[in-house]
Amino acid sequence: MELRIGAGKMLSMYMDQNKLAASLAALKTRPEAGFLRLPFEAEAWKKCQQDVKKYRNFKKFVVVGLGGSSLGAKMLAEVFRADHFIFVDNLDVEFLKHLFTQIQLRSTLFIFISKTGNTIETSAFLEILIPKLNKAKISIEKNIIVVTESRENNLFQFAKQFGVQSFDVPEDVGGRYSIFTSVGLVPAGLMGLNLSKLRAGALKAAADETEILRVASTILRSFEDEKWVTVMWGYSSTLNYFGRWWIQLWAESLAKLKTRHGLKAPRVSTPVYLQGVTDQHSVLQQIVEGAKDKFIIFLRSESCEANRFKLKNPRFSSTQILKNKSLGDLMKAEAEGTAMYLDQQKIPNLTIKVRQLDEKNLGYLIYLFEIVVSTIGEYLDINAFDQPGVEGGKAITKKLLNSGSTKATFELTI
Numbered sequence: 001m002e003l004r005i006g007a008g009k010m011l012s013m014y015m016d017q018n019k020l021a022a023s024l025a026a027l028k029t030r031p032e033a034g035f036l037r038l039p040f041e042a043e044a045w046k047k048c049q050q051d052v053k054k055y056r057n058f059k060k061f062v063v064v065g066l067g068g069s070s071l072g073a074k075m076l077a078e079v080f081r082a083d084h085f086i087f088v089d090n091l092d093v094e095f096l097k098h099l100f101t102q103i104q105l106r107s108t109l110f111i112f113i114s115k116t117g118n119t120i121e122t123s124a125f126l127e128i129l130i131p132k133l134n135k136a137k138i139s140i141e142k143n144i145i146v147v148t149e150s151r152e153n154n155l156f157q158f159a160k161q162f163g164v165q166s167f168d169v170p171e172d173v174g175g176r177y178s179i180f181t182s183v184g185l186v187p188a189g190l191m192g193l194n195l196s197k198l199r200a201g202a203l204k205a206a207a208d209e210t211e212i213l214r215v216a217s218t219i220l221r222s223f224e225d226e227k228w229v230t231v232m233w234g235y236s237s238t239l240n241y242f243g244r245w246w247i248q249l250w251a252e253s254l255a256k257l258k259t260r261h262g263l264k265a266p267r268v269s270t271p272v273y274l275q276g277v278t279d280q281h282s283v284l285q286q287i288v289e290g291a292k293d294k295f296i297i298f299l300r301s302e303s304c305e306a307n308r309f310k311l312k313n314p315r316f317s318s319t320q321i322l323k324n325k326s327l328g329d330l331m332k333a334e335a336e337g338t339a340m341y342l343d344q345q346k347i348p349n350l351t352i353k354v355r356q357l358d359e360k361n362l363g364y365l366i367y368l369f370e371i372v373v374s375t376i377g378e379y380l381d382i383n384a385f386d387q388p389g390v391e392g393g394k395a396i397t398k399k400l401l402n403s404g405s406t407k408a409t410f411e412l413t414i
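Each residue of the sequence shown is one higher than the one before, counting from 1 in our numbering.
Please note that a few of the clues may not be correct.
To be verified - Simulated DEER-style distance windows between Cβ atoms: (1) 103 x 214: 43 to 51 Å; (2) 150 x 397: 48 to 56 Å; (3) 161 x 326: 53 to 61 Å; (4) 337 x 397: 42 to 50 Å; (5) 356 x 151: 37 to 45 Å; (6) 319 x 171: 52 to 60 Å; (7) 255 x 395: 12 to 20 Å; (8) 43 x 310: 41 to 49 Å; (9) 91 x 161: 22 to 30 Å; (10) 237 x 319: 38 to 46 Å; (11) 264 x 161: 44 to 52 Å; (12) 264 x 225: 19 to 27 Å.
As the list claims (entries may be wrong) - Cross-link-like lysine-lysine pairs, in silico, PhoX-like; alpha carbons within 25 Å at most: (13) 132 x 160; (14) 312 x 332; (15) 97 x 160.
Worth flagging that the hints you see were computed from the coordinates, not collected in a lab.
Just so you know, even glycine gets a beta-carbon here, dropped at the ideal spot from N, CA and C.
Assemble the whole structure, with the sequences as input and the hints as a guide.
The structure is reproduced here in structure tokens:
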């Protein structure tokens with residue numbers, strides 16, 4: 001991995017590096033930071049790769065889960081173009097209606113993922129699916145697997161009742177940090193990914209403490225300089241769901257009202273994801289001429305900027321500059337040019353570049369950001385492993401359903 005920090009002189013230099021290193025050390029003692037140990041459990045990875053082999057013959061795979069139960073797997077499916085995977089992560093009835101016209105139930109494996117096993121949306125889809133399988137005389141045991149904690153909950157009880165295989169989720173690993181548990185590894189194995197390489201990337205990130213502290217320090221400096229929007233700008237069309245995964249990791253982990261000691265928590269930035277050239281032609285305007293409250297993390301892959309599709313004899317005036325150059329050369333110039341332009345405009349930015357988006361490098365990036373974000377949380381004295389704001393919304397949803405009223409405060413119907 002290659003790092004480039006641009007406009008660094010614009011950032012405050014008062015970061016307490018000793019405190020930051022101590023925060024990383026303290027993180028490793030947190031009982032709720034179970035995600036840290038996952039790359040070191042080689043046997044669990046091997047077992048998962050072996051256990052999913054018998055399901056690889058299905059033509060379609062439908063993953064049912066919300067937030068951290070699906071974003072990691074969805075990211076893997078996008079990067080590695082697993083088009084035979086479909087994700088149900090929003091109970092849009094029009095989408096579900098279309099889904100059942102696009103799959104053959106008998107040749108589809110349904111993977112229900114919920115850490116607690118009681119996620120209402122996930123259970124609701126299971127309630128819909130079971131009658132459909134029964135009506136078609138399709139085996140529930142053969143066409144469904146579940147991923148949940150091995151304790152009494154709706155999914156675990158369902159699995160025991162119907163003889164459905166259940167994959168365990170460790171209790172000390174939160175949903176947004178769970179991609180290296182069965183939550184992500186079961187779908188990854190079913191996609192045919194090399195889990196050993198994914199694990200090797202995570203192990204490499206764990207060993208790169210200098211880079212962890214360097215990235216965390218740069219982000220914390222942006223907070224000190226009141227950069228309240230952190231933008232991840234991915235220069236690959238397959239990184240949209242990496243960005244969505246990163247947004248959840250950042251938002252749920254860092255945005256807190258109180259510190260661990262009950263004081264007012266420090267302000268942190270809002271995460272935003274942008275995509276390559278698309279957003280150069282739109283959002284770049286606001287970044288450059290809008291409020292100077294943004295910090296940019298460019299994410300690039302050399303394989304996406306490779307020397308392919310060369311223009312030998314361009315015919316248009318606008319493409320003459322590309323004679324004997326490739327589309328990869330164009331993308332590289334646009335990414336580097338945007339970073340240099342931000343330097344000129346004194347907008348702080350960080351570039352993270354990998355050679356290619358393969359299992360090892362993706363494993364590295366995932367684990368790097370998990371450790372960086374949780375280390376920042378430790379530095380700021382906040383709990384990076386709870387999400388009380390999310391739980392509050394769930395509670396109100398249940399109250400509305402129990403009361404029979406779902407009318408919004410303001411509603412516009414067209």
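So, going through the hints one by one against the coordinates:
1. Checking the proposed 43 to 51 Å range against residue 103 and residue 214 shows it holds: the Cβ atoms sit about 46 Å from each other.
2. A hinted range of 48 to 56 Å for the beta carbons of residue 150 and residue 397 is inconsistent with their spacing of about 27 Å.
3. Checked against the hint of 53 to 61 Å, the pair residue 161 and residue 326 passes, with Cβ atoms roughly 57 Å apart.
4. Our hint of 42 to 50 Å for residue 337 and residue 397 holds, since their Cβ atoms are close to 46 Å apart.
5. One distance hint, 37 to 45 Å for the beta-carbon pair residue 356 and residue 151, holds here, with the actual separation near 40 Å.
6. The beta-carbon spacing between residue 319 and residue 171, approximately 57 Å, falls within the hinted interval of 52 to 60 Å.
7. Taken as a hint, the range 12 to 20 Å holds for the pair residue 255 and residue 395, whose Cβ atoms sit roughly 18 Å apart.
8. A hinted range of 41 to 49 Å for the beta carbons of residue 43 and residue 310 is consistent with their spacing of about 47 Å.
9. Range check, residue 91 to residue 161: about 24 Å between beta-carbon atoms, so the 22 to 30 Å window is met.
10. Checking the proposed 38 to 46 Å range against residue 237 and residue 319 shows it is violated: the Cβ atoms sit about 21 Å from each other.
11. Between residue 264 and residue 161 the CB atoms are about 48 Å apart, so this pair conforms to the stated range of 44 to 52 Å.
12. Checked against the hint of 19 to 27 Å, the pair residue 264 and residue 225 passes, with Cβ atoms roughly 20 Å apart.
13. Annotation: proposed proximity of residue 132 to residue 160 holds, straight-line Cα distance about 20 Å (limit 25 Å).
14. In summary, the hint linking residue 312 to residue 332 is supported, as the alpha carbons are separated by about 18 Å, within the 25 Å threshold.
15. Of the supplied pair hints, the one linking residue 97 and residue 160 is violated, its CA atoms being roughly 29 Å apart against a limit of 25 Å.
When the structure is compared with the earlier hints, violations turn up for hints 2, 10, 15 and for no others.
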